[in-house]
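Visitor: Listed below, chain by chain, are the residues.
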Amino acid sequence: MGKVIPFSEIEFYLTSIEKSNAPKGTILDTNVLISASYDVRDSHAQITEILDILQYKSYRIFATVNTRSEYLEFQRRLILTESLLDLVDEFSIAKLPKNARARIQTLKGSLKTSVAADSEKDEVFNESQLKKIKREFSAGPHSGQKNWLEICDTFLKGKIANEDQSLMDRGVEYISPNDESQKHLFDASLGWPEAIGICEKTGTAFSDSMILNALKASKLTFIVTLDFDVGYAALSDPNMKDVVVPDRLFKETRHYHFPN
Amino acid sequence: MTKKPLKSWKTLASESKARRKTPLNPEQVEKLNKIFEEIDKKQERADEDSKRKIARQPEV
Numbered sequence: 001m002g003k004v005i006p007f008s009e010i011e012f013y014l015t016s017i018e019k020s021n022a023p024k025g026t027i028l029d030t031n032v033l034i035s036a037s038y039d040v041r042d043s044h045a046q047i048t049e050i051l052d053i054l055q056y057k058s059y060r061i062f063a064t065v066n067t068r069s070e071y072l073e074f075q076r077r078l079i080l081t082e083s084l085l086d087l088v089d090e091f092s093i094a095k096l097p098k099n100a101r102a103r104i105q106t107l108k109g110s111l112k113t114s115v116a117a118d119s120e121k122d123e124v125f126n127e128s129q130l131k132k133i134k135r136e137f138s139a140g141p142h143s144g145q146k147n148w149l150e151i152c153d154t155f156l157k158g159k160i161a162n163e164d165q166s167l168m169d170r171g172v173e174y175i176s177p178n179d180e181s182q183k184h185l186f187d188a189s190l191g192w193p194e195a196i197g198i199c200e201k202t203g204t205a206f207s208d209s210m211i212l213n214a215l216k217a218s219k220l221t222f223i224v225t226l227d228f229d230v231g232y233a234a235l236s237d238p239n240m241k242d243v244v245v246p247d248r249l250f251k252e253t254r255h256y257h258f259p260n
Numbered sequence: 001m002t003k004k005p006l007k008s009w010k011t012l013a014s015e016s017k018a019r020r021k022t023p024l025n026p027e028q029v030e031k032l033n034k035i036f037e038e039i040d041k042k043q044e045r046a047d048e049d050s051k052r053k054i055a056r057q058p059e060v
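Sequences listed follow chains A and B, in order. Under our numbering, the letters of the first sequence match residues 1 to 260, in that order. Under our numbering, the letters of the second sequence match residues 1 to 60, in that order.
Among the hints, a few may not be true.
[Stated by the list, open to error] So the derived label-pair ranges between C-beta atoms look like this:
id: 1; chain 1: B; residue 1: D47; chain 2: A; residue 2: G197; range: 54 to 62 Å
id: 2; chain 1: A; residue 1: D229; chain 2: B; residue 2: T22; range: 46 to 54 Å
id: 3; chain 1: A; residue 1: I93; chain 2: B; residue 2: K41; range: 17 to 25 Å
id: 4; chain 1: B; residue 1: E44; chain 2: A; residue 2: C152; range: 23 to 31 Å
id: 5; chain 1: A; residue 1: G197; chain 2: B; residue 2: T11; range: 37 to 45 Å
No lab work stands behind these hints: they were computed from the structure. Even for Gly, the Cβ is constructed at its ideal location relative to N, Cα and C.
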């Protein structure tokens, strides 16, 4: 059974595992990467501190392909949201089309309401809201989406690549048993049946099951997550490894007891 | 070859925010405004056409 380690004990934990022969490395959950890049989140300061400790102690930092895709997806929605909201700002010199302005204003209102009701929600349009806005930039039924392409060219071009590069500048590597330089990090194959098994056992989101599966297949000792479910899944699996979580989540997981 | 030193995680959010908050340059605004004006015109024309079509329909 894996152990759940609170952030406040990370340095003791790292000292304790350094005696083992396990490779010095960890896998990060998507939420960790998002919180590190977005200072609006409550966990931002805590998580950057943990990541700097890992970097200082020369730990390799890995993310799964799924995590990378989820991180870049968040950046896409964040960049588009802020760019579109800037266009409806009263000081903006952009003269938005009437219908698009009205649609963005309405959805801005819904977004503010939902964030006010749930402090954990990011002020970022969801996919359905972005699609509604995109439709307003079509000039008519036969005009296609060329105008939207111009908007993407202005607001997105090069920006998502920059966000991806930013992670690499901090040493994030994408974990893969097929990568020659990482072969020594794995002692089992990384297969779908195992990920499905984790998901079926604990009902954990499939993306989390894939991260846990990568951890299990690797020789790495622990992952860092902000997700209670990942800690729960680790505790419930006798063959799972360790999970490093914020102290608040650590306290929650102490309420759960699983047979060894 | 020397390895590039890794950047601190503490600067990730501020760097990312600075990139997002870079204002559009005048050429970009002008280009967008031209597109927006065109959309407005086409949408107004489409609205008028549909009103005219409705007006032309025989009363039942």
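Visitor: Evaluate each hint against the coordinates.
Guide: Structure-based check of each hint:
1. B:D47 / A:G197: 54 to 62 Å: holds, 56 Å
2. A:D229 / B:T22: 46 to 54 Å: With a Cβ separation near 37 Å, A:D229 and B:T22 fall outside 46 to 54 Å, so the hint is violated.
3. A:I93 / B:K41: 17 to 25 Å: holds, 19 Å
4. B:E44 / A:C152: 23 to 31 Å: The hint (23 to 31 Å, Cβ to Cβ) holds, given that B:E44 and A:C152 are roughly 25 Å apart.
5. A:G197 / B:T11: 37 to 45 Å: holds, 40 Å
Figure legend: structure checked against the earlier numbered hints; the only hint not met is number 2.
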